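Student: Protein chains in written order, with the numbering used here: chain A, 1 to 114; chain B, 1 to 114.
The reader is advised that the hints may include incorrect statements.
To be verified - SDA-like cross-link-like pairs, simulated, lysine to any residue; straight-line CA separation at most 25 Å:
1) B:LYS49 - B:ALA17
2) B:LYS49 - A:ILE26
3) A:LYS24 - B:SER26
4) B:LYS69 - B:PRO114
5) B:LYS49 - A:ALA2
6) B:LYS49 - A:PRO70
7) B:LYS69 - A:HIS29
8) A:LYS24 - A:VAL89
9) A:LYS24 - B:SER3
10) B:LYS49 - A:LYS78
11) A:LYS68 - A:GLY42
12) B:LYS58 - A:ASN50
13) A:LYS24 - B:ALA17
14) B:LYS69 - A:ASN50
15) A:LYS68 - B:ALA17
16) B:LYS69 - A:ASN101
17) B:LYS58 - A:ARG41
18) B:LYS49 - A:LYS68
19) B:LYS49 - A:PRO96
20) B:LYS58 - A:ASN101
21) B:LYS58 - A:LYS24
22) B:LYS69 - A:ASN30
23) A:LYS78 - B:LYS69
Hints in this document: simulated from the structure, not taken from any laboratory. For clarity, every value in this text was computed on a predicted model and none was experimentally measured.
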Amino acid sequence: DAGVIQSPRHEVTEMGQEVTLRCKPISGHNSLFWYRQTMMRGLELLIYFNNNVPIDDSGMPEDRFSAKMPNASFSTLKIQPSEPRDSAVYFCASSPGPHGNEQFFGPGTRLTVL
Amino acid sequence: AQSVTQLDSQVPVFEEAPVELRCNYSSSVSVYLFWYVQYPNQGLQLLLKYLSGSTLVKGINGFEAEFNKSQTSFHLRKPSVHISDTAEYFCAVSEDTGRRALTFGSGTRLQVQP
């Protein structure tokens, strides 16, 4: 199994540009999570999906952030427009049911907004 | 809402010495508890988890943790550390309410010295 796949691994962009992060969960997993890691705030949940449906997006910082999961094998996290304070490592994780199972993390996307 | 406290931001220890990384949590409902490890520039990997049953949980790489409900703690231990154990360690909790997202502590940097 290839594990959770994220792309790109590194992204450098300028303030105001649109950024799209991509995630392919492990086949058969029905839950997908997006987390953000920064020095100041640590690891924070942004949003999670269960069976492709957004369940909790309370961690999405503001309207500039949006996430979609059009099918069981693909999810995107979009930031438009991007700001320097969005610079962080963004992790995608997936988990099989039921509740309490391990979450498997991808390698992360390091985003730098200049 | 739940919270996780890792009191030690850094723990220096000599190779082959024992180590304990502390984790305390707060929640109004039953929880599941996890320890993850993050090596530099990598995603998070599960070390061990407590869902129910025996309060002493054994994980990978010789680590173990003990769930103490009365003290709301889930401390991680290893009797003899190796240089390769140098990494960031995160304690995490999810509530037994069907909400699958993890709440992470701020992390403990374990630095194993020769």
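Student: If a hint holds in the structure, say so; if it does not, say that too.
Tutor: Now for the hints, and whether the structure bears them out:
1. B:LYS49 - B:ALA17: 24 Å, holds
2. B:LYS49 - A:ILE26: 20 Å, holds
3. A:LYS24 - B:SER26: Violated, at about 33 Å.
4. B:LYS69 - B:PRO114: Violated. B:LYS69 to B:PRO114 sits at ~36 Å, over the 25 Å cutoff.
5. B:LYS49 - A:ALA2: 23 Å, holds
6. B:LYS49 - A:PRO70: 31 Å, violated
7. B:LYS69 - A:HIS29: 30 Å, violated
8. A:LYS24 - A:VAL89: 17 Å, holds
9. A:LYS24 - B:SER3: Distance of about 29 Å is beyond 25 Å: violated.
10. B:LYS49 - A:LYS78: The given pair, whose Cα atoms are some 32 Å apart, is violated under the 25 Å limit.
11. A:LYS68 - A:GLY42: Holds - the C-alpha atoms of A:GLY42 and A:LYS68 are around 24 Å apart, at most 25 Å.
12. B:LYS58 - A:ASN50: 29 Å, violated
13. A:LYS24 - B:ALA17: 40 Å, violated
14. B:LYS69 - A:ASN50: Judged against 25 Å, a Cα distance of about 29 Å means the pair is violated.
15. A:LYS68 - B:ALA17: 47 Å, violated
16. B:LYS69 - A:ASN101: 20 Å, holds
17. B:LYS58 - A:ARG41: Not satisfied, since the Cα-Cα distance of roughly 29 Å exceeds 25 Å.
18. B:LYS49 - A:LYS68: Violated - the C-alpha atoms of A:LYS68 and B:LYS49 are around 29 Å apart, more than 25 Å.
19. B:LYS49 - A:PRO96: Holds - the C-alpha atoms of A:PRO96 and B:LYS49 are around 15 Å apart, at most 25 Å.
20. B:LYS58 - A:ASN101: Holds: B:LYS58 and A:ASN101 sit about 16 Å apart, inside 25 Å.
21. B:LYS58 - A:LYS24: 30 Å, violated
22. B:LYS69 - A:ASN30: Violated, at roughly 30 Å.
23. A:LYS78 - B:LYS69: Violated, at roughly 40 Å.
Hint violations for this structure: numbers 3, 4, 6, 7, 9, 10, 12, 13, 14, 15, 17, 18, 21, 22 and 23, all remaining hints satisfied.
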